[in-house]
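K.L.:
Here's the letter readout for the chains.
Protein chains: 2
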Amino acid sequence: MRGVVLHAPGDVRVEERADPAILAPTDAVIRLSATCVCGSDLWPYRGIERVERPSPMGHEYVGVVAAVGDEVRTVRPGQFVVGSFFASDNTCEICRAGYQSSCVDREPIGAFGSQAELLRVPLADGTLVATPDVPPDDLVPSFLAASDVLGTGWFGAVAAEVGPSKTVAVVGDGAVGLLGVLAARQLGADRIIAMSRHEPRQKLATEYGATDIVTERGDEGVARVKDLTDGLGAHSVIEAVGTQEAMMQAVRSTRPGGHVGFVGVSHGVELPGQELFFSHVHLHGGPAPVRRFLPELIDLIWNRRIDPGRVFDLELPLDRAAEGYAAMDDRSAIKTLLTV
Amino acid sequence: MRGVVLHAPGDVRVEERADPAILAPTDAVIRLSATCVCGSDLWPYRGIERVERPSPMGHEYVGVVAAVGDEVRTVRPGQFVVGSFFASDNTCEICRAGYQSSCVDREPIGAFGSQAELLRVPLADGTLVATPDVPPDDLVPSFLAASDVLGTGWFGAVAAEVGPSKTVAVVGDGAVGLLGVLAARQLGADRIIAMSRHEPRQKLATEYGATDIVTERGDEGVARVKDLTDGLGAHSVIEAVGTQEAMMQAVRSTRPGGHVGFVGVSHGVELPGQELFFSHVHLHGGPAPVRRFLPELIDLIWNRRIDPGRVFDLELPLDRAAEGYAAMDDRSAIKTLLTV
Numbered sequence: 005m006r007g008v009v010l011h012a013p014g015d016v017r018v019e020e021r022a023d024p025a026i027l028a029p030t031d032a033v034i035r036l037s038a039t040c041v042c043g044s045d046l047w048p049y050r051g052i053e054r055v056e057r058p059s060p061m062g063h064e065y066v067g068v069v070a071a072v073g074d075e076v077r078t079v080r081p082g083q084f085v086v087g088s089f090f091a092s093d094n095t096c097e098i099c100r101a102g103y104q105s106s107c108v109d110r111e112p113i114g115a116f117g118s119q120a121e122l123l124r125v126p127l128a129d130g131t132l133v134a135t136p137d138v139p140p141d142d143l144v145p146s147f148l149a150a151s152d153v154l155g156t157g158w159f160g161a162v163a164a165e166v167g168p169s170k171t172v173a174v175v176g177d178g179a180v181g182l183l184g185v186l187a188a189r190q191l192g193a194d195r196i197i198a199m200s201r202h203e204p205r206q207k208l209a210t211e212y213g214a215t216d217i218v219t220e221r222g223d224e225g226v227a228r229v230k231d232l233t234d235g236l237g238a239h240s241v242i243e244a245v246g247t248q249e250a251m252m253q254a255v256r257s258t259r260p261g262g263h264v265g266f267v268g269v270s271h272g273v274e275l276p277g278q279e280l281f282f283s284h285v286h287l288h289g290g291p292a293p294v295r296r297f298l299p300e301l302i303d304l305i306w307n308r309r310i311d312p313g314r315v316f317d318l319e320l321p322l323d324r325a326a327e328g329y330a331a332m333d334d335r336s337a338i339k340t341l342l343t344v
Numbered sequence: 005m006r007g008v009v010l011h012a013p014g015d016v017r018v019e020e021r022a023d024p025a026i027l028a029p030t031d032a033v034i035r036l037s038a039t040c041v042c043g044s045d046l047w048p049y050r051g052i053e054r055v056e057r058p059s060p061m062g063h064e065y066v067g068v069v070a071a072v073g074d075e076v077r078t079v080r081p082g083q084f085v086v087g088s089f090f091a092s093d094n095t096c097e098i099c100r101a102g103y104q105s106s107c108v109d110r111e112p113i114g115a116f117g118s119q120a121e122l123l124r125v126p127l128a129d130g131t132l133v134a135t136p137d138v139p140p141d142d143l144v145p146s147f148l149a150a151s152d153v154l155g156t157g158w159f160g161a162v163a164a165e166v167g168p169s170k171t172v173a174v175v176g177d178g179a180v181g182l183l184g185v186l187a188a189r190q191l192g193a194d195r196i197i198a199m200s201r202h203e204p205r206q207k208l209a210t211e212y213g214a215t216d217i218v219t220e221r222g223d224e225g226v227a228r229v230k231d232l233t234d235g236l237g238a239h240s241v242i243e244a245v246g247t248q249e250a251m252m253q254a255v256r257s258t259r260p261g262g263h264v265g266f267v268g269v270s271h272g273v274e275l276p277g278q279e280l281f282f283s284h285v286h287l288h289g290g291p292a293p294v295r296r297f298l299p300e301l302i303d304l305i306w307n308r309r310i311d312p313g314r315v316f317d318l319e320l321p322l323d324r325a326a327e328g329y330a331a332m333d334d335r336s337a338i339k340t341l342l343t344v
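So the protein lines, in turn, are chains D and B. Note that the working numbering gives residue 304 to position 300 of the first sequence, counting from 1, and the numbers run on in steps of one. Note that the working numbering gives residue 200 to position 196 of the second sequence, counting from 1, and the numbers run on in steps of one.
There could be a bad hint or two in this list.
For identical chains, the list gives no copy identity; a pair is met inside one copy or between any two copies.
Said to hold, decoys possible - Keeping only pairs whose Cα atoms sit at most 16 angstroms apart, straight-line, the calculated EDC-like set for lysine to aspartate or glutamate is:
| # | residue 1 | residue 2 |
| --- | --- | --- |
| 1 | Lys-170 | Asp-194 |
| 2 | Lys-207 | Glu-249 |
| 3 | Lys-170 | Glu-319 |
| 4 | Lys-207 | Asp-317 |
| 5 | Lys-170 | Glu-203 |
Hints are computed from structural coordinates only; laboratory data are not their basis. The structure presented is a predicted model; accordingly, all values stated were derived computationally and were not measured.
Isolated chain D, as found in the complex (with noise of 0.2 angstroms):
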C-alpha cells in the first residue's frame, strides 16, 4: 500500500508500505476513505519533537472495514467506522470513567500510520464507532474530523465545563480551537469569545458560534477578555495551542472558580504552582477521550446538526501530502485533508 513516512524534518515521502493484517484476534483492517494532517504532525515536521528514524505519519481515519479478527463483535467488514487517534479496550475502569484515551491497553494509532491506504486498529470493538449506514461523500470530512480534532475540540469544552448562562473564552484558532467553538455553542455557551487574528479563521469562528473575536494576544489578550467579562474573566476557557504563552493567556482569561480545559499537546510549558493557586482556576485536559463522545457526534453528524469537516480548507490527494503538510506549516491552510 501507500502511505506517508516522515524521513527528516520537512522531508515528507508517499511510499509503498507493507499492507497490514489481523495480528491479534481483537483487530480490524480498515480500507481508509479519507485521513488528514494534523498539528501535532506539525512538531516532528518542524524538528521541534525529533525524528529518530523514518517514522509513518497520522493517527485520524475514516473507513470501510476490510478485515476483523475472529473475537470482533462490534463492527463487521463492509461498514464505515469512525476511530479515536488511541486504540482502547473500552472496558477497563479508566475507560468507564471516560477516559479511553488513558486506556489501560492503550495503544496509540500514530504508531501504526493512518495517512496511508490500509490501516490496522487494535481493540477493534473499544475503539472502532459504525456510522448507521455507508455515509455520502459530503459527510466523510465531518466524520474524519469526528476522529481527532471535532473530538478534542469537544473535549476541551467539556473540561472547561462549558454549559449554558456561561462565557467561554477559546486560545488559538486552528482545527480544534475552531471545533471548541463549536462545541461550545452545542453545549449551551451563553457567549463564545474567539481569540484569533487571522481573518478566514474568524470568520469560521463567527458562522460555527463566536459571538465576539479578540485579536489581541497574551496580556492584551487576556485584558481584553476582562473587559468583556466586568473584569472578571470568562468562566469556561479552552485552550487549544499548547505553548507557554497561550496556556498562560488561557488561565489568566479564566475567573476565580472557573475552567480551563487544555488540549493543546503541551510542549515545554511550565505552570507556576503559586500563580495557579492563587489563580483559583480549575485545571483539566489532555490527550481527547474521543471515544466517549463518538457515538454522540456521529448521531450529530449523520443528522447534519453540525458541520465540523468546514475546518478541511485544503484537499489533496494522499500522493501529494507534502504539500498538505507544507500549506499547514505556513498557515496557509487550516487543515488538509487527504482522500485516499
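With chain D fixed as given, assemble chain B onto it according to the hints.
P.N.:
Relative to chain D, chain B alone:
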C-alpha cells in the same frame, strides 16, 4: 493591646500594639477567645518569605464581637463568631460562586494580625458567622480550626471531588492534611490513604478516618498508592504541603480522570505541562474559600459530630507565642493554639 509581631526570621515578639477601631461602617471588632499559629506563618519565620518590616502575625481567629459599624446586620456585640482569613463581601459574583477568598473586595486578615487580643474584621456581614450561642470552652479549639485549617482541609477534599465509593490519598500530615482526612471521612470516602511518617500524626489520621498509612515519599510513595489501588492511583488526592515534591507526588498518585485538590500554599513549584497533560488529572485548589463552608462546619462542631480541635497539640498563652512558633518549626507540635 498585646499582639505578636515578627521582626525578622525567628524573631517573634509579643508587644503592645494600638487597639483596632471601627474604621468603616461594615467593620466589626472582635475580642479574641483564641488564635493560633499557621503553617504558612512559618514561611517568613524561616526566612523563606522575606520579612520586610516588623509584621503583625496571624490570620486565624474566633472570639466575641466587641463592636460593629452602622451597616453591620448579621452579627452583633456579644455573639461568638468564626471568620475566614480573607474578609469577603459574600455578595459579588465570585463569592456567590463559592470563591469568597477571591472576592472582588477581599482583604487579607493577615494584614491586621489576629495573634492579638483584638481584631478588626472588615466586611463583617460577609466574613463572620456566629455560632448558635457562646460555646463551652472545650469547643473553642474546634471553632478556631474552622477559621482556617479545617476549612482548608475541607476545601482540599471538595476540590479533589472526594465522595462515596472513592479512594482518597492525602499528601501531608500537618494540621491541614489531618483535617483533609477528617473531611474525606465526612464526605463519605470509601478508603483514605494518609501519607505520613510520624507516629503521633499517623495515630490522629487513623482516628480521623484514615484506613491506610503510607510512610514512603516521592516515587516510592506513589508506587505504594498504586499498589493499594490496582495500579491505577487514587480517585482523589489532597495536596497539603505546597512543595515541588509533594505536588508531583499528588499528581502522580492520581488516576487518569481523577482529581487533585491542592491547598498547600505553593512555594517555588513549577508544574511540567506535558506531564500534567498526559496525566489526565483534574487540578484545582488555592486559598480555601472557608466562608463557603463555615455554616456547615459550625453546625458539625456545635453538634459534636467532628472534633477538629484535636490538631492543636500545644496550648500556650499569647505571651509565649515564640515558643509556639519554635515548636511548630521543629515539628514537635502539629499546631499551636494561643489563648488570649
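K.L.:
Regarding Lys-170 and Glu-319, is the shortest C-alpha distance of 16 angstroms or less found within a copy, between copies, in both, or in neither?
P.N.:
Answer is neither; intra-copy 36 angstroms and inter-copy 48 angstroms both fail.
K.L.:
Within a copy, between copies, both or neither: which one fits Lys-170 and Asp-194 at a CA-CA cutoff of 16 angstroms?
P.N.:
Only inside one copy: Lys-170 and Asp-194 sit 5 angstroms apart there, 34 angstroms across copies, limit 16 angstroms.
K.L.:
Can you give me the call for Lys-170 and Glu-203, within, between, both or neither, at a CA distance of at most 16 angstroms?
P.N.:
neither (25 angstroms within a copy, 48 angstroms between copies)
K.L.:
Given a CA cutoff of 16 angstroms, do Lys-207 and Asp-317 count as a within-copy pair, a between-copy pair, both, or neither?
P.N.:
within (13 angstroms within a copy, 64 angstroms between copies)
K.L.:
Could you place Lys-207 and Glu-249 in one of the four classes (within, between, both, neither) given a Cα distance threshold of 16 angstroms?
P.N.:
neither (24 angstroms within a copy, 46 angstroms between copies)
Checked against the numbered hints given earlier, the structure breaks hints 2, 3 and 5 and satisfies all the rest.
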